[in-house]
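Chemist: Sequence lines, in order, name chains L and F.
When the count follows the working numbering, it moves up by one through the first sequence with no breaks and lands on 371 for the last residue.
When the count follows the working numbering, it moves up by one through the second sequence with no breaks and lands on 427 for the last residue.
Everything labelled a hint here was simulated from the structure, so no lab data went into it.
Mixed in with the good hints, there may be bad ones.
[To be verified] Cut-off 25 angstroms, straight-line C-alpha distance, at most; resulting in silico cross-link-like pairs (DSS-like, lysine-lysine):
{"id": "1", "chain 1": "F", "residue 1": "Lys-295", "chain 2": "F", "residue 2": "Lys-264"}
{"id": "2", "chain 1": "L", "residue 1": "Lys-360", "chain 2": "F", "residue 2": "Lys-295"}
{"id": "3", "chain 1": "F", "residue 1": "Lys-234", "chain 2": "L", "residue 2": "Lys-208"}
The residues making up each chain are set out below.
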Amino acid sequence: MEDPVQVRTSPERRRGLELIPRAPISTRLYMALGVASFAFILAVWSLLTYTGMLDPLFLPTPTKVAAAAFNLLAYHGYLNDVIVTVFRVFAGFFLAVLIGVPLGILVGTYKPIEAMVEPVMAFVRYMPASAFLPLFIIWIGINEPEKVAVIFFGSFFQLVLMVATSTSSVPQELVEVSYTLGTSPSRVLWRVLLPGAWPAIVDNLRIILGWAWTYVIVAELIGASSGMGFMIIESQRMLRTWNIIAGIVSIGILGLVADYGFKWSRSALFPWAD
Amino acid sequence: MVVDGVFKAYESGGRKVHALDRIDLTVRDKEFVALLGPSGCGKSTLLRIIGGLIAPSAGRVLVGGAEVKRPGPDRGMVFQSYTLFPWLTVRQNIEFGPKEKGISPSDRSDISSRYIEIVGLKGFEDSFPKALSGGMKQRVAIARALANDPSVLLLDEPFGALDTQTRSLMQELLLDVWEQSHKTILFVTHDVDEAIFMADRVVVMSARPGRIKKVIEVGLPRSRDYQVRTELAFLEYKRIAVDLIREETIKTMSLGAASGEA
Chain L
98 MEDPVQVRTS PERRRGLELI PRAPISTRLY MALGVASFAF ILAVWSLLTY
148 TGMLDPLFLP TPTKVAAAAF NLLAYHGYLN DVIVTVFRVF AGFFLAVLIG
198 VPLGILVGTY KPIEAMVEPV MAFVRYMPAS AFLPLFIIWI GINEPEKVAV
248 IFFGSFFQLV LMVATSTSSV PQELVEVSYT LGTSPSRVLW RVLLPGAWPA
298 IVDNLRIILG WAWTYVIVAE LIGASSGMGF MIIESQRMLR TWNIIAGIVS
348 IGILGLVADY GFKWSRSALF PWAD
Chain F
166 MVVDGVFKAY ESGGRKVHAL DRIDLTVRDK EFVALLGPSG CGKSTLLRII
216 GGLIAPSAGR VLVGGAEVKR PGPDRGMVFQ SYTLFPWLTV RQNIEFGPKE
266 KGISPSDRSD ISSRYIEIVG LKGFEDSFPK ALSGGMKQRV AIARALANDP
316 SVLLLDEPFG ALDTQTRSLM QELLLDVWEQ SHKTILFVTH DVDEAIFMAD
366 RVVVMSARPG RIKKVIEVGL PRSRDYQVRT ELAFLEYKRI AVDLIREETI
416 KTMSLGAASG EA
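Same shape as in the complex, but just chain F (with noise of 0.2 angstroms):
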């Protein structure tokens, strides 16, 4: 997957918001890789052109080898809002997908029944989402996306709205689905920890126009699980992301609260 180039700029209240600034970035196959920014820093328009939601101003994604014009199956997408289909059962939120492809019915049940095993949701099958938790409703989401086999997960927050401990959880359980299903995975997240936690590499954005600041390389041996995250060298990556971090937000801030987040 190859971000060129893209720019990105819009009007927000007769104001003209430059959201993004001349983005180059190249996730190879299989990586899972972490955007990491203050609030504000453009890094949901990012993903979102990648999942083309919305179109740059300038510049293009190729994914591979096709340019992204459209939203697409082959690139599965997760939201911080749950974004379950309500009246769809567990399962059938899985199906969706599949379904929209015309795989048949015998198929698609072996499929969802495949994911709803590797994110532990059995016996919840014929449940609607109104009856989830937060934590379960974002492991269906994530189910669904992989039941329609993307070339690229894109997930916008994912955990953002979880309690500390059920994100914790989701992280390893993330991990744990990519390293089964080796997926390309590009993560947005505010969360230092949980960036480096999970990535091969972590892009640090700078506050707007959003810009890339500097990549990590993420040395952490896999598969990591929790205790990784009180070694020293996980807290030798914190340090340099925080202090990359800190100096964004308090740019951020300097600039103004008003122009919101993007």
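If we strip away everything but chain L, and leave its shape as in the complex, we get (with noise of 0.2 angstroms):
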């Protein structure tokens, strides 16, 4: 007997790049395209340069600068810029994690709290901290506190407020069920609040990551003797494209290890998120 109401549902045509809206692919397809891109890029960037299209101080070679790369870690100790610029972005992102997280939190719990803080952080959230560059150098001198305090202020402000909103997203009926099994208002936030955030406030944190590794260099443009940002800022004086290409790139790296930590460390620690 044949079914009267044969809809296609797939199976046939399952081959190939069939672009269905959020269909799930293969790990293997999915890592195939994303090494595909780098590939790409790659490709793009020969073909601009071993063909001489484009004068080689403009855009180096990909051989020129992997040399460039070695040369630097080998004979002018870039790797002791990178532990430096490394050390900066930590201590900056530390330090505002140190203290957003909580107060992120507070604001996302309390709405007095919320009132007083918020307005000033979406205030100074806007305040470009690449601008305070000048004042921090005046202030602070151009030590590493300075460093710290540009990655601080460019990170800290942003993360209060995403922290903050991670926190009231956990869904209200949560805390009202919550409230129905006994829970008291003091332990709300300790019971279903802050276990209901955290993957958030995870992603959270990765997204402030990537724009600390911004201030970081920024900060490292302008009175720094030291550090990814400073190197970038020599080679340029000295119009070694190569070495910019390198350090930019060796940055990216680092953003990506990064990345993928959080991204594991989200799936490893939260099991139950999607």
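Quick one: dock chain against chain with the hints and give me the complex.
Modeler: Here's what the structure looks like:
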């Protein structure tokens, strides 16, 4: 007997890249596509440079950049610059997290605290940290604390607002149901809001760490004598384009590693979350 | 449980909404009462007032002689939306209330094991809610409410989001659980069949402002199973209820659909 309503639900044409909105793909295909897009960028870069279409001073070849990276690491103590920069990023980021996460949680939980804190945060947030650089140099000097301050200033206010949103996004029904199960208002924060908000807060941290990286380079472009940003600005003075690109790519690699670290720890820490 | 002259009005978008008007209702111990009405009649509002989640504008609710001021573990609630804590396993969800009461881990474990057995979720103790179907989630929610040993169980269209087959199985399951535990149950629904099948009394509510229009005593013998639904007596009750609801639904629609659900 034949089914009168034959809806074509797929199996036949599963091969190839059929674009169905939000349809999942295999891990292998996912990785292959990711590698392919890097390969594509590299291919375009190679095409533009090896063929001589672009002046090497304008855009050096991939081999030249790879050689520059090796040279920097081997003979110019670039690893030390990397360590200095990573330290600055983590110091500023860590300070921002240490104060910003608890404050954001309180803002997202208690309306009076929100009323006090949020308008100020929203106001300061729009002041670009880079514009504060000259002020910080006057106030703090050009040593490590100034670099850390720029990163802190650039990430803290955003972080507070993001964590507040994440905390207040825990569904009100869960709060209500906990009340009907005997949770007291003073315990709801610990029993419901915090456990519910953690995965979103980890996502916030991941995004803010990216910003901290942006600000560290900004801080190192002015009044620094070490760090990845310092190397970049020095190379500009010497017109060593290959070093600049090596520096930018190494920042990208570190960022990528941190990003995957966060993604991995999120799914390891919160297996229950989507 | 006594609902005494409860009146509720609130502002919504600058308009005054008169949700409930002088509701008087007494629910006897261990009774199963269904609140039946068209959407927007304030039945969920009434349930939330009894639960202590919102305060009445006038009147009061007494549970076990004490006036309801806030939510509390003596009134367990189950909502239509799945309200399991997603970060807790099935077992941990069920133990949430006992843990708040300070019951020892080994006693908690006994309690959760018993209710996992009752709602038929053995083998899923350590699953997270995201791995469960809608029907399973609501079974956990019922078990979680019962594990706290409340005197009253308040259910707000708990099976409203389930498919018809799952829904009727869940109704039988809830009746079983009720017969075993003998809690007082107040069950909000807009489904006439569901109300008559489960309840001792069906309280039919009118459209906004919500009033009690009629109370139907369902004289069908216990224990009821799905075959009851096709018996003549059942159909007679259904005819009465459908007529009442229809009247109210027509009224609501002519009032305009702009007011939304309460």
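Chemist: Output the numbers, in ascending order, of every earlier hint that fails for this structure.
Modeler: none
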